[in-house]
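Protein chains: 2
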Amino acid sequence: MIKVKKIEHVGVAVRDCSKAATVYGLLGLGVHCTEDIPDRALKVAMLPVGEGEGEIELMQPTTADSTVAKFLEKRGEGIHHLALSVEDIDDAVKQLLESGVRMIDNAPKPGAGGKRVAFVHPQSACGVLVELVEELQ
Amino acid sequence: MIKVKKIEHVGVAVRDCSKAATVYGLLGLGVHCTEDIPDRALKVAMLPVGEGEGEIELMQPTTADSTVAKFLEKRGEGIHHLALSVEDIDDAVKQLLESGVRMIDNAPKPGAGGKRVAFVHPQSACGVLVELVEELQ
Chain A
24 MIKVKKIEHV GVAVRDCSKA ATVYGLLGLG VHCTEDIPDR ALKVAMLPVG EGEGEIELMQ
84 PTTADSTVAK FLEKRGEGIH HLALSVEDID DAVKQLLESG VRMIDNAPKP GAGGKRVAFV
144 HPQSACGVLV ELVEELQ
Chain B
24 MIKVKKIEHV GVAVRDCSKA ATVYGLLGLG VHCTEDIPDR ALKVAMLPVG EGEGEIELMQ
84 PTTADSTVAK FLEKRGEGIH HLALSVEDID DAVKQLLESG VRMIDNAPKP GAGGKRVAFV
144 HPQSACGVLV ELVEELQ
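Residue numbers (my numbering), protein chains in the order written: chain A, 24 to 160; chain B, 24 to 160.
To be clear, the hints were calculated from the coordinates, so they are not data collected in a lab.
Be aware that one or more of the hints could be misleading.
Each pair may be met inside one copy or between any two copies, as identical chains are not told apart.
The calculated DSSO-like cross-link candidates involving lysine-lysine, where the alpha carbons are at most 30 Å apart (straight line), are [stated by the list, open to error]: (1) Lys117 / Lys42; (2) Lys42 / Lys26; (3) Lys26 / Lys97; (4) Lys28 / Lys66; (5) Lys28 / Lys138; (6) Lys132 / Lys93; (7) Lys138 / Lys26; (8) Lys117 / Lys97; (9) Lys26 / Lys93; (10) Lys66 / Lys132; (11) Lys28 / Lys97; (12) Lys97 / Lys42.
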């Protein structure tokens, strides 16, 4: 049984991180940090919700042909993925593959903030792109 | 400034709550309770994530003309909304209206589990349907 610890973050695809941060500021959420992730052609801003209670990740594409740019083109701004933190990501991925769950990543890879992540295919999670995250020790 | 406490839940529109619960069971999430909400033509299943760390709300429409049924028809299964718990929902709604935020509900109304809720229009949250929730005291 996979041990899921919490909703680590909710990823929101946006056209402009700064404008989106202003909008979310009105909802009571401030930017904690921003990060460029060239490998994924993304600029992200992390907005903590409460204390240690998960975050909103605003994701702005930095190239026109990136995955998030295509998402925006097709569906417009909105929720892109749901990240769940798990205790042991290697074991979680192993268990999911054994259960026949369709994974985008068959092994953990480096994600934002230096954490190890693995994506579950939406076909195996009722249309939801689920990111598994192992928090830094 | 609105005080947001945590990601209270993430709502996922599904065609069949029982089948979806089986799928999410593989991801390590079990059903805590189910509830029929005739007012919103919904059957929901709540799946706690960790201990007191938010939930996944699986939402199955019970009529063909409900909002969630239309969502499924248009976009298929997937994330429907993001619920944030706030300390004082009356004050939060008042502040948002004063800031020019477009609300679906200009005053709190009863939601799932007897909690008071109010929805922010996606136009005012980068395409995200945000539900504000005041937890039961």
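Taking each numbered hint in turn, which are not upheld by the structure, reported in ascending numerical order? Hints 3, 8, 9 and 11 are the ones this structure does not satisfy, whereas the remaining hints hold.
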